[in-house]
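> Residues per chain are reported as follows:
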Amino acid sequence: MSAKDLKALERHLADEFNKGKAACMALHDELISPSIVYHTAAGTDLRGLKDVKQFFSGMYDAFPDFHMTIDDIIAEEDKAVVRYTWTGTHKREFMGIPATNKKVTGWTIQIDRFVGGKMVEAWERMDTLSIMQQLGVVPTPKK
Amino acid sequence: MSAKDVKAFERHFVEEWNKGKAAFLAEIDKTCAPNIVYHGTGGPDLRGLKDFKQHFSEFFDAFPDNHLTMDDLIVEGDKAVIRYTLTGTHKGAFRGIPPTNKKTTQPIIGIDRVVGGKCVESWVRSDTLGLMQQLGVVPTPKKEK
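Line by line, the protein sequences give chains A and B. The opening residue of the first sequence carries number 5 in my numbering; numbering runs sequentially from there. The opening residue of the second sequence carries number 932 in my numbering; numbering runs sequentially from there.
Possibly wrong hints are sitting among the right ones.
[As the list claims (entries may be wrong)] Below, simulated SDA-like cross-link-like pairs (lysine to any residue); rule was C-alpha separation at most 20 angstroms, straight line: (1) K935/B x E80/A; (2) K11/A x E1007/B; (3) K938/B x R117/A; (4) K25/A x G62/A.
Don't read these hints as lab results, they were simulated from the structure.
Excised from the complex, chain B in its bound form:
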């Protein structure tokens, strides 16, 4: 795949994400490798499509209106780096936290390795502490200055 193809692949993936849970899970079946390895932020590595889909199914249940905005896309070889902003309202249990109805915003950077039109490995890093503070389960420290 050319850099242009990888960029189109990533843009399409984001479009499908923003259509909601059903569209996104269908998209995963089409565009993620059965043996995908997912190095998520704040959790153990996931191996294989089943666990990967389960993870995102639960995430959509927790934040049903979640929406991705792509802020930057950088591609070299078979790797795509996406900087994006994820928003969503906390409507279902998330990491053991009952729904708070709070609206959240997360700045995220992800790296996807795309081979033969399928995502085979993915790394995601985000401000998980900031998310917990937005949900009100970890206190936000006062600035000392």
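One chain only, chain A, in its complex shape:
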């Protein structure tokens, strides 16, 4: 796949994510490898499509209005890097935290590796502490 193809694929992924949980789940079956390795922002590694789908299913349950906006895409060979801003309202339990109804904003950079049009590995990094501070479960230090 060319850098141009990878960028188009990433834009498609974001569009489908923004349609909600059902579209995102269907997208996973179509474009994510059964043997995907997903390195989450929280430092855990998910192996296989089942666990990755469950992860995103839980994310949509917690933040049903999840929405991502791509800020930049950088592609080289088999990898695409997406810098994006996401928002979501915390409507159900997330990482053991009961719903707070707070709207949070996350800033993520993610590297995705593709083989034959399918995502085989992903590394997701974001300011995880900021999410906990926005949810009000970890205090925000005074400047």
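Start from chain A and add chain B according to the hints.
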């Protein structure tokens, strides 16, 4: 700069980082633009070389033995994406937290925009919650499964 040049630039930057605070601050003077914009993880954006250097000076004081290992380098046009692992022992105050002497490991992805041999803008994202848990200032939740 070609992709090859940008990659060499980034590798050199990491080598200088790993020589410690003095070498790294000298490197910043040489390779970062005076009007650099730094979108760090867990903090306000920094604008200009002075604030940028101050930030990293304090970081080296907090983690004097910190060490970067480059895990991946992806370049397109004027942007370099680095995936790296940062280790360091918490020996000085960090974000108001007194030294804990704990050894920390952070997985990080950074994007640098490099123009004419100088870094002009940088974005960094890391597992800041994981870092606070390693320092013992935020509890690590028990797995429910």
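> For a C-alpha distance cap of 20 angstroms, please report whether K938/B and R117/A respect it.
Roughly 19 angstroms separates the two Cα atoms, so the pair holds.
> Taking only the CA atoms, is the gap from K25/A to G62/A under or equal to 20 angstroms?
Holds. K25/A to G62/A sits at ~9 angstroms (cutoff 20 angstroms).
> Decide if the proposed pair is consistent with the structure: K935/B and E80/A, CA atoms, cutoff 20 angstroms inclusive.
holds (12 angstroms)
> Is the Cα-Cα distance between K11/A and E1007/B 20 angstroms or less?
holds (12 angstroms)
Violated hints are absent here; each numbered hint is respected by the structure.
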